[in-house]
Amino acid sequence: MTTTPDWERRSAELWATIDDYEPEEFRKRIDALAAELPDGDPVAAFERACAFDSTGHSDRAVPLYRAALAGGISGIRRRRSVIQLASSVRNVGRAEESVELLTAERQQPSDELDDAVSAALALALTSVGREREAVAVAVAALAPHLPRYQRSMANYARLLVEPEETER
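Residue numbers (the UniProt record's numbering): 1 to 168.
No lab work stands behind these hints, which were simulated from the structure alone.
Model, not experiment: these values are computed from the prediction.
Where a beta carbon is used, it is the ideal one built from N, C-alpha and C, also for glycine.
Accuracy of the hints is not assured; some may be wrong.
As the list claims (entries may be wrong) - Simulated restraints, written as ranges between beta carbons of each label pair:
{"no.": "1", "residue 1": "56", "residue 2": "6", "range": "28 to 36 Å"}
{"no.": "2", "residue 1": "129", "residue 2": "31", "range": "17 to 25 Å"}
{"no.": "3", "residue 1": "149", "residue 2": "6", "range": "41 to 49 Å"}
{"no.": "4", "residue 1": "147", "residue 2": "35", "range": "43 to 51 Å"}
{"no.": "5", "residue 1": "114", "residue 2": "23", "range": "25 to 33 Å"}
{"no.": "6", "residue 1": "154", "residue 2": "57", "range": "34 to 42 Å"}
{"no.": "7", "residue 1": "38", "residue 2": "63", "range": "28 to 36 Å"}
{"no.": "8", "residue 1": "66", "residue 2": "155", "range": "22 to 30 Å"}
{"no.": "9", "residue 1": "154", "residue 2": "35", "range": "26 to 34 Å"}
{"no.": "10", "residue 1": "28", "residue 2": "149", "range": "44 to 52 Å"}
Generate the whole structure from the sequences, applying the supplied hints.
Next up, the structure:
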């Protein structure tokens, strides 16, 4: 990746003002910023994907997320690419693929996006008719953030997908 601190600052500033622009204008501004990076840079593909996704074009975001991942995007942007790709493929009717992507992503090293992976997975699971499992994933992700009942909620979440355990 060839971003600089100045480029990252300008990107963050542009994203902070997304609501100040019409969708097409925002995408043009992201495209101009991405064009500053070398051809084939996975960060450029990622930023363009995010712009399409954030302006209601999941279908156009999907190939760009795939390009970013294939191009070797790394760090937190790699995880964001997977989460956002999974969300986008769910939005375009490929929920099973979303579940597969997010299930695999849960096996990656832990970071600050673990709960986002779980939230996206819970949504994808509901889209494929696995609501009980979706609730289990969501409650398990929420449990550590509760001021009390963390252990109980974690156990209840586990029991939602292991109902035979309730009979012992």
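Results for each hint:
no., hint, in the structure
1, 56 with 6: 28 to 36 Å, "30 Å, holds"
2, 129 with 31: 17 to 25 Å, "38 Å, violated"
3, 149 with 6: 41 to 49 Å, "46 Å, holds"
4, 147 with 35: 43 to 51 Å, "48 Å, holds"
5, 114 with 23: 25 to 33 Å, "30 Å, holds"
6, 154 with 57: 34 to 42 Å, "38 Å, holds"
7, 38 with 63: 28 to 36 Å, "19 Å, violated"
8, 66 with 155: 22 to 30 Å, "38 Å, violated"
9, 154 with 35: 26 to 34 Å, "47 Å, violated"
10, 28 with 149: 44 to 52 Å, "49 Å, holds"
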